[in-house]
Each structure stands twice: as structure tokens, then as C-alpha cells.
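Yeah, the sequence shown ends on 827 if you go by my numbering, and it's all consecutive.
Honestly, the hints are just simulated from the structure, not real lab data.
Model, not experiment: these values are computed from the prediction.
Ideal Cβ positions, reconstructed from N, Cα and C, are used throughout, including at glycine.
A couple of the hints might just be wrong.
Subject to a maximum C-alpha distance of 27 Å in a straight line, what follows is the list of computed DSSO-like cross-link-like pairs (lysine-lysine) [claimed, not checked]:
no., residue 1, residue 2
1, Lys72, Lys505
2, Lys33, Lys108
3, Lys730, Lys98
4, Lys608, Lys505
5, Lys501, Lys792
6, Lys247, Lys196
7, Lys313, Lys730
Ranges between beta-carbon positions, derived for each pair [said to hold, decoys possible]:
no., residue 1, residue 2, range
8, Ser770, Thr354, 13 to 21 Å
9, Arg714, Thr285, 29 to 37 Å
10, Thr815, Lys750, 36 to 44 Å
11, Lys350, Pro187, 55 to 63 Å
12, Gln169, Thr354, 43 to 51 Å
13, Arg714, Val216, 28 to 36 Å
14, Arg71, Lys350, 28 to 36 Å
15, Val216, His762, 45 to 53 Å
16, Thr458, Gly428, 20 to 28 Å
17, Arg41, Glu425, 53 to 61 Å
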Amino acid sequence: MKNPAALPELNHPTLDAESIRRSLYQHLVFTVGKDPITATDRDWFYAAAAVVRERMIERWMATMRSYYQDDRKRVYYLSLEFLMGRAMANSMHNICAEKEFHDALAALKELGLNPESLQEVEPDAGLGNGGLGRLAACFLDSMATMGIPGYGYGIRYEYGMFHQGIENGQQIEHPDNWLRYGNPWEFPRPEVLYQVKFHGRVVDYADEQGTQRYQWVDTDDVMAMAYDYPIPGFDTGTVNNMRLWAAKASRDFDLTYFNEGDYIRAVEDKNESENLSKVLYPNDTTEGGRELRLKQQYFFVCASIQDMLYRFDKSGLPLDELPNRVAVQLNDTHPSIAVAELMRILCDLHKMEWTRAWGLTTRTFAYTNHTLMPEALETWPVALFERVLPRHLQIIFDINHRFMKDVMRHYPGDPALWARMSLIDESHGRRIRMAHLAIVGSHKVNGVAAIHTRLMKETIFADFHRLWPDKIVNMTNGVTPRRWLNQANPGLAHLITSRIGKGWIKNLDQLRQLTPLASDPEFQAAFVQVKRDNKARLASLIHERLSIRVNPDSLFDVQIKRIHEYKRQLLNVLHVITLYSRIRAGGCDAPPRTVIFGGKAAPGYRMAKLIIRLINDVADIVNNDSAVGHRLKVVFIPNYNVSTAEIIIPAADLSEQISTAGTEASGTGNMKLALNGALTIGTLDGANVEMRDEVGAENFFIFGLTADEVTHTYRSSYNPWDYYNNNAELKQTLDMLRDGYFSPEDRDRYKAIFEVLTHHGDHYRLLADYSAYVACQDQVGQLYRDPAAWTQKAILNVAGMGQFSSDRTIAQYAQTIWHTEPKARSAT
């Protein structure tokens, strides 16, 4: 037994500015190994990171010890993405030492140190891409702040997704080498190493009791090595852990090949193995890319389940207690192979009887669905599974066999229903439906907005809801107010705190106290000044990065999200072209507007990349047209990420949430923008519906078909040509695309877009919603001309966002799904 009492007492670092300043100097010299006279901004950043780190580590260790001592149920959040952003400012903010750090850094200005530029040295962590990863990051923040024993599990991507460049208007993907200079926030754990198997074959045998058993042999093995990241809660003693896995070869170097002069083959195994943790979402348009994606998913799941069971085993409890001590949340279908993996471990390694193992498995897992689009629900070819994970394929077949017997017993004589519910899709070349595996293998399945959950029950998972009416529940998404208001928008945060106190930071419902201030001229003036300052900051960033000058007094119209047809950036562009044509024709009294886009397209998604090119071509024409001048500007900000969002979101006047109704599960950008005082223009989709209810329909710009109306158009004879022929502005706009107005050097460049919207049926119903969208945008322009009325509605939007804190979401998960209790720890 190790005795900590035998150790000398640690020197406990404090949070006062003088202590921080001394620590900064010490770490620069003794940790970074640099002389202050010659130190670069990067050297100072690493020293500052060490200072922040050491002020979290004791809390981190104390938190982990308390979880063992209190024997509390743990929550494991499995996600292929964690879009964390920068850690320096967030960590300083959450340990409530921002001012002290700023004062300490400012005291070193005589050495040429600039506190602002020092933070700019830190790259965004390349661990995620879109809303899925950012939601996971918000959830980790809330779990730590609330004192829930939560662990994030994912992959330590060496290159992230990609760094987006724009050349000749087109997206160009560059490696996102975010680890080039190391990562001061991670703690390598070389002793935490797990074997992950691929390929091979399955042999069956009878054990001593004559029971048939299975063994997975002749496998290709990869090692998963852990890297830990502290996740500090806000103003609390809790610091949780995110553990990411890096792939390491089981055999680094073949000396025989090297000595024979075959240098490439000598390291071939190492390179192939370590590809597993190179990039997020490798291009899956090739067979090799698809196999790599499947391997990635199993790689991190396999390591995470082993780690979870190792920690559980230390409790000394029997495996039957697993669901009482462990809750595993599957963030989308990517980690759903965990269902088969836990069954493999329980049945093959622990020799557990199937029914007992299945009961433990289903009581341990819960699954979050993030999409309503059938084509977006992940499936894998059976042949690929058979080659890469042969034992798991057998287990999935066994799960399906037992499940289908149950389905047939409940619904005899309905082969169409059996086919719909089967884990194996026999209609498209035999594919495994991963969402079905997650649903069957979980005790709860949740949607992420009320309308999303309703549509899950009524459409894509209606059969499962009929079989298990209590399994599908709603957990409307939320965002952390710490990063997305208190940290990202300090001007607004200070204004709010000056009027209602700081309790809102942990209890966002307190923002309701702003409601009577919405019509207060003094508060309005202060609110407008904060927004104007944020817009000026964004205007400076746009000029610095793109050499485009925008007017901070114009309406900042913002659409920032990954580029996808269902999110309908294209509808936004159609409105821009319409507005441009109106201005050129004369007589348009719309207020000056700056339309700002940001987001990445998947490397293999041609239409999304074409939309990015169109945005940039339209921007090039509009921004250089003297007849338009300052009245309309279009901006595409490359490489949109968390750090850029922290500048764009506080500056936005209008939030574009215009997905085709019934396609967006929830959205969280909509919440962040409204929380920072942007008005929303949107469809009745995702969380927009609940946001409208909270802030008031009169403070929300709603347009377009409802989800039910969209569904009706798919069942009836929808004809996009009817809209084209009956709306002169729409016809003119589409003709400009077809005829190459925005691509004079290549007149056919956007014919594909014209054809998608007309000849190919306009799948996402842009033309059906165009007229209502343009009319709604006209209302936006009219309201913006009345600053007092606009500001009142903006304040009411902030006041109504209390429901959309991730703290509320996590509290609901904890009560309804995980069955664990928050327990705050003192920060002292």
C-alpha cells in the first residue's frame, strides 16, 4: 500500500498576480529553457500554459481521488469529435483568474510581451469539426462545473480535419498540423496502453462445460496510448478528464528489412498503424477511406471500453454491478460498435452467458441521435465488417437474430416491418445499420430538440417507438454560457452582471431578469455600444484576413456552420443575389448589409464545395461593384473554428438558421448567437421552435414550410418549375447563375446548381421557401431601420435564452438517463 503521507508537502501555487508573475518567469527559464531577453511569444505562451496547468493539477488529482473515495457512478461520453477551441483563455476563465493573469502578463510589457498576441499563438485543438464536437465540448464543461463524474473519450488526431484555405474562390484543404509545436495541455500516459485488434479470423471451441465459445485469432494489432486533458469546471474544485487515444504500432521498426536495404518496408507497419489517429473524417469516397473510418471508430471504442472496465475492476465489484456504476453515452452512431465490443468482452473473455451479458450491455449504454435524414444514418457493408471485424459481425448477427425473433413475436405476418427494423439492410447490398444497433443495444435513446424527438418517433424510428414506447426521450441541446457569453463577450457579460449580478453564469435562467430592461433607454444604449464594439472588432479581423472593408454600422447577417445542402447556405446566396439586383436596379431602400459566411465542406462533397466557390464569386462581383458601394458586402471567412466563432458571434445582428424544416436535429449555433443578442431568421426546425417559444414569436423571424408541409411535398407532385416561372425575382436570380453572371470566365460553372434546383427536383425545397424567405428578410431590413425596436428585441432574445444552457441539458441527462447526481466541490 502506497503511503502519500510519507511525501513532502507540495508548494501550492496561488492565484494572485504576483505569484503568477513569478511562476511565469520561473517556467520560462526552468520549463521552457529560455532567457527572457530572447524569448519569443511562443516561449511565453508555453510558460503561461505551465502556470495555468499547475493551478489546475491539484484540483484535477483531488477530483479523481474523490470519485474513487465516494464510489460515485461514472459517466463515459464517447465521441469521435471534441471541438474544444483554445484552452488557455478558457482555463484561466474557469479557474476565475483572468484578471490576475492579465495583470501578471501586463507587468512584463517592458520585455515586449503582449498579452493578447500571446494567446493568439495557441492553435485551436484539431479534435473536431462541427456541432457534434462543439456540443461534446460544452457537455464536458457542464459536467465539470456541476460536479458530475464525467469522462470524455475520443481520438487524439494528429492533423485534425483540415485547415481550410480559399484559392481562386475554391476550398483547398491543407493539413491542420496543430501539434507541430507540441501541446502543453496534454499529459501523455505511455503506461496506459491497450491492444486493439483488426482482421484475423474466428475459431469456435467447446469449454469445460461444453458451452460453445469463440476466439478471435491471427489478428493485426495496434496499440492505443492515452493522452489526458484536464477539463476545469467554472468556479469549482472539480477538474474532470478527457482521455484521447493515439495509435501506436505494435511493432515500430523491422530491423531485418532495414538491414536488407528495404527502408520503406522497415517502417511500413508503423506508418499504417498510426494512420488511425492522423485525421478526423478521412475521405470516404474510396474503399481505403471507408475502411480507415471504420477502423478509427473501433479503435477508440475498443480502447475506451477496456479503460472503463479496468477502472471498474479496481472497485472490486462483480460485473453485474456495471450498469449501477457506469453510464456510457454514445454521441451519434460513430461509437455504436461499442455495443458489440462490450458483448465480445463479456461473452468471449469473461465467459458470460449471452442473456446475462446482453442485460448488462443494454443497461449500460444510451444513444444520442443527431440526424433525421435516412441517408445520413451510418451503415457499413457486411463484407467490410467481415474483413475488418469478423467477430463483431458474428455478434451483430446474433443480436439481430434474437431481436428479430422478438419483433416477429410482437408483429407476426409483417415482413415489411421486419425488414425495416432489422440491423441488416438487405435492400442496398447488405449493410449494417449502426443506428439500429445503437437503439437495440441501449436502454435510452434521445433526440436533441423537441421537434427532432417527435419526428424520430413518427418517422425514421417509428417502428422502434411502437415496440418500446418509453425508450426514446428528448434532451434539447444547450451551450455553455461560460465560453459563449462570459468569456467570448466580456462587454455584454459585464453589462449583464452590473444589473443582475453574476449568478447567471451558473444559472442561465436568471437572464429573465433582463426582460424589464429591454425598453430601458440607458440599458439599450449600453447594449448597443457593446454590440458596436464587437462589430468593429470583427470588421478589423475581416480587413486583416481578407483585405475587405466592411461598415460596422451595417446589418451583420451571419451564417456560420458546416457547408451542406440541407443547411441551405445556397438559399442565403439567392437572397444576396436578389438584394444585389434590387440595388443595381435602383429604388431599394434596404439598410446597408454585410453578409458573413463561415464553414467547411467535407473534402469529397462536391456540391458543398461548389457552393463555397459561388459565395466567393458572388462576393467578388458584389464587393467590387461601384453601383452597390457600401450598401452590400459579402464575406466568406476561411477556416471557421471556435476561436473565429468567438469573434463573429458577439458581433452578429442576424442569425441565419434556415435549414429545410425537418432536417436539422437541433443546432447550437442558433443558441450562441441569440445568447449574444442576435435576432434569428429561421425555419421551424430543430431548436428554433423552442427558442421562438422562449423569446416570443414577435421577437423571431420565422418563414417557410413546416416539417409536415415539407414531408407532404415529397409525397405529392412538387414541381420547382412552378416557382421558377411564377416569381420574376427568383427567375432572374437563377438565370444569373445559369448564364454565368458571377463566373464570366467560365459561364457553365454554376449550371449544376441551376439543374439541382430545377431539373433534379430541388430536394431541399429552396424554391418553395424562397419567396417567404425574401419577404422575411424585407421585414428584417425594416426593423433594423428602427434601432430602439431592434435593440429591444435583441435584449429580449438574450433574456429568453436561459433554457438553452448545457447545464440544464446535462442535469436532464443525469436524472433521466445516467441516474447520477451532481455534487459540486469547493474551489478552495
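Query raised in the report: Taking 43 to 51 Å as the hint, is the beta-carbon distance of Gln169 and Thr354 inside that range?
Result: violated, 56 Å
**Report entry** Glu425 and Arg41 - C-beta distance against the hinted 53 to 61 Å
**Finding:** holds, 56 Å
**Report entry** Lys247 paired with Lys196 [C-alpha distance capped at 27 Å]
**Finding:** OK: Lys247 and Lys196 at ~12 Å, within 27 Å.
Query raised in the report: Between Lys501 and Lys792, is the straight-line Cα distance small enough, at 27 Å or below?
Result: Within the cut-off at roughly 23 Å; holds.
Query raised in the report: Range hint 13 to 21 Å: satisfied by the CB atoms of Ser770 and Thr354?
Result: violated, 58 Å
**Report entry** Arg714 paired with Thr285, Cβ distance criterion 29 to 37 Å
**Finding:** Once the Cβ atoms are compared, 36 Å apart, the range 29 to 37 Å for Thr285 and Arg714 holds.
Report task. Take a quick look at whether Lys72 and Lys505 sit within 27 Å of each other, Cα to Cα. Result -> holds, 23 Å
Query raised in the report: If you check the beta carbons of Val216 and His762, does the distance land in 45 to 53 Å?
Result: holds, 47 Å
Query raised in the report: Falls inside 28 to 36 Å, the C-beta gap from Arg714 to Val216?
Result: violated, 52 Å
Query - Proposed proximity, Lys98 with Lys730 (alpha carbon, max 27 Å) - result: Status violated; Cα separation ~56 Å.
Query - Lys33 paired with Lys108 [C-alpha distance capped at 27 Å] - result: OK: Lys33 and Lys108 at ~17 Å, within 27 Å.
Requested in this report: Assess, step by step, whether the Cα of Lys608 is no farther than 27 Å from the Cα of Lys505, and give holds or violated.
Outcome: Not OK: Lys608 and Lys505 at ~40 Å, beyond 27 Å, violated.
Hint compliance for this structure: hints 3, 4, 7, 8, 10, 11, 12 and 13 are broken, all remaining hints hold.
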